[in-house]
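Undergrad: Sequence:
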Amino acid sequence: MKNEENEENPENIAEMLMSERSSMLDSEKLALKRKNENFAYTLGIFTQIIWSINGLQMKTFQQYFINDFTNNSAVFWRSLPLAPLAYIICKKNRIHITSHSEVKHIVWFYFRYLGNYVTISLGIKLFSYFRLSTGTVITGCTPLLVIIFAVIFLGERFYLRYLLGVLICILGSSIIVFNDKKPQSRQTILDDNLFMGVIVAISQLIFLALNFTGQKFMVKEKMENNVQNFYLGIYNALPAFIFCLIDRNFGFSNTKYVLYCMSNGFIFYLGNYLTVICLKYIALSKYQPVTYLALVFTFIIAGVILGEAIYFTDILGALFIIGFQFYNMKFPPQVQRHINEKEENMENIVKDSDNVNNKK
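For the sequence shown, this note's numbering assigns the number 1 to the initial residue and increments by one for each residue that follows.
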């Protein structure tokens with residue numbers, strides 16, 4: 001009798017329905033989250049192709065324009081189109097350009113934008129010491145620092161499988177690096193000062209990790225990706241312009257050099273735009289392993305276009321990296337049994353809801 005009274009009590013029925021609706025919403029959110037993460041992984045793979053092309057252009061600045069190239073002139077011309085393009089897009093779409101006073105994490109703001117100038121400058125310099133594919137492998141070690149920063153500064157949840165995935169990718173990268181040979185390519189210009197090359201590589205890793213973490217902070221502050229590109233253009237072009245004035249060398253004399261650098265700016269814009277979209281739907285520490293695919297695409301591009309040699313160790317290392325990517329996409333960090341239970345509960349909730357409606 002007591003159970004029948006509870007079932008007939010309108011308040012109890014209302015509470016039961018509210019509880020069921022809440023559970024349904026939780027299940028729907030889980031399903032939507034999984035769908036968005038799969039979208040981010042797929043888009044992330046395409047984005048790595050874009051970044052590989054970006055790296056190819058940065059590598060060939062000096063090779064194709066040895067008489068016109070300077071590090072700061074390359075950064076200046078590649079950055080110059082970013083701010084005007086982003087500004088036009090923001091105005092056309094009525095996107096509010098966040099002012100400095102509105103930024104809550106101002107330190108990470110400067111790590112993101114002014115720090116990007118340092119990152120790009122060091123990146124171009126890095127390719128003067130190593131072949132394109134090896135330079136990409138070195139920068140591929142960034143997730144080791146990024147995951148630490150994400151856990152400490154962003155409070156993201158840490159999964160042991162992230163560390164395992166990074167170690168697998170680092171193993172694959174190390175196999176490639178330790179078998180690096182010279183001459184790297186029939187076209188490559190390299191500086192043989194290995195000590196300075198290592199210093200540049202470590203410095204670039206640190207700034208790249210800080211830059212990536214700052215990007216995530218700007219996403220958390222809901223800074224629109226075109227606004228981010230606007231500030232990237234300003235804080236990359238301005239210091240480069242100052243140093244070009246000091247050096248009295250802008251590379252004006254060669255129109256092809258200027259246009260080539262500018263085209264790299266547009267490629268960078270696209271890569272950054274797509275990366276920001278990915279970070280809206282996936283945690284930074286989960287997205288990082290996807291970036292290793294840029295290494296695989298870079299090997300292909302470097303071999304076909306630059307004529308860089310591809311060794312057995314390159315293939316072996318790439319297999320470690322690709323293997324983890326497929327594993328990471330096929331089996332997400334959540335325990336599969338837990339996911340199946342959630343899906344089963346969602347089906348039962350829908351059935352129970354239908355039964356309640358039929359009774360009414």
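Simulated from the structure, these hints should not be mistaken for lab results. Note that the structure is a prediction, hence the values are computed from the model and not measured. From the three backbone atoms N, C-alpha and C, an ideal C-beta is built for every residue, glycine too. Be careful, since some hints might not be right.
Cut-off 27 Å, straight-line C-alpha distance, at most; resulting in silico cross-link-like pairs (DSSO-like, lysine-lysine) [unchecked claim]: (1) 125 to 256; (2) 92 to 222; (3) 220 to 125; (4) 104 to 256; (5) 104 to 125; (6) 33 to 280; (7) 35 to 256; (8) 92 to 280; (9) 256 to 33; (10) 280 to 104; (11) 35 to 220; (12) 222 to 35; (13) 91 to 35; (14) 91 to 256; (15) 220 to 33; (16) 125 to 33; (17) 104 to 220; (18) 280 to 125; (19) 92 to 256.
Pair ranges (Cβ atoms, derived) [to be verified]: (20) 220 to 270: 37 to 47 Å; (21) 33 to 105: 20 to 30 Å; (22) 91 to 242: 20 to 30 Å.
Undergrad: Next step is simple, just say for each hint if it's right about the structure.
TA: Structure-based check of each hint:
Pair hint residue 125 plus residue 256 holds up; C-alpha atoms about 21 Å apart against a cutoff of 27 Å. At most 27 Å may separate the alpha-carbon atoms for a hinted pair to count; residue 92 and residue 222 meet this at roughly 19 Å. Restraint check for residue 220 and residue 125: not satisfied, since their Cα atoms lie roughly 31 Å apart, outside the 27 Å limit. Simply put, residue 104 and residue 256 have alpha-carbon atoms about 41 Å apart, too far for the 27 Å limit, and the pair is violated.
For the hint linking residue 104 to residue 125, the alpha-carbon distance of about 33 Å lies beyond 27 Å, and the restraint is violated. A distance of roughly 11 Å separates the Cα atoms of residue 33 and residue 280; the hinted pair therefore holds under the 27 Å criterion. For the hint pairing residue 35 with residue 256, the CA-to-CA distance comes to about 44 Å; that exceeds 27 Å, so the pair is violated. Of the supplied pair hints, the one linking residue 92 and residue 280 holds, its CA atoms being roughly 22 Å apart against a limit of 27 Å.
Distance hint between residue 256 and residue 33 is unfulfilled; the C-alpha atoms sit about 46 Å from each other, more than 27 Å. Only pairs whose Cα atoms come within 27 Å are accepted, and residue 280 paired with residue 104 is accepted, the gap being roughly 18 Å. About 20 Å separates the Cα atoms of residue 35 and residue 220, which keeps this hinted pair within 27 Å; it holds. Between residue 222 and residue 35, the direct Cα distance comes to roughly 21 Å. Compliance with the 27 Å bound is thereby established for this hinted pair.
Taken as a hint, the residue 91 and residue 35 pair is broken in the structure, with Cα atoms around 31 Å apart against an allowance of 27 Å. Straight-line distance between C-alpha atoms of residue 91 and residue 256 comes to about 30 Å, which puts the hinted pair past the 27 Å bound. Using a Cα cut-off of 27 Å, the hinted pair residue 220 and residue 33 holds, with the two alpha carbons roughly 17 Å apart. Using a Cα cut-off of 27 Å, the hinted pair residue 125 and residue 33 is violated, with the two alpha carbons roughly 40 Å apart.
As the CA atoms of residue 104 and residue 220 are separated by approximately 10 Å, the hinted pair is consistent with the 27 Å bound. For a cut-off of 27 Å, the pair hint linking residue 280 to residue 125 is broken: about 31 Å separates their Cα positions. Proximity of residue 92 to residue 256 is assessed by CA-CA distance (about 30 Å); at most 27 Å being required, the pair is judged violated. Roughly 23 Å separates the CB atoms of residue 220 and residue 270, a value that falls outside the hinted 37 to 47 Å.
A beta carbon spacing of about 25 Å between residue 33 and residue 105 agrees with the range 20 to 30 Å that was offered as a hint. A hinted range of 20 to 30 Å holds for the C-beta pair residue 91 and residue 242, which are about 27 Å apart.
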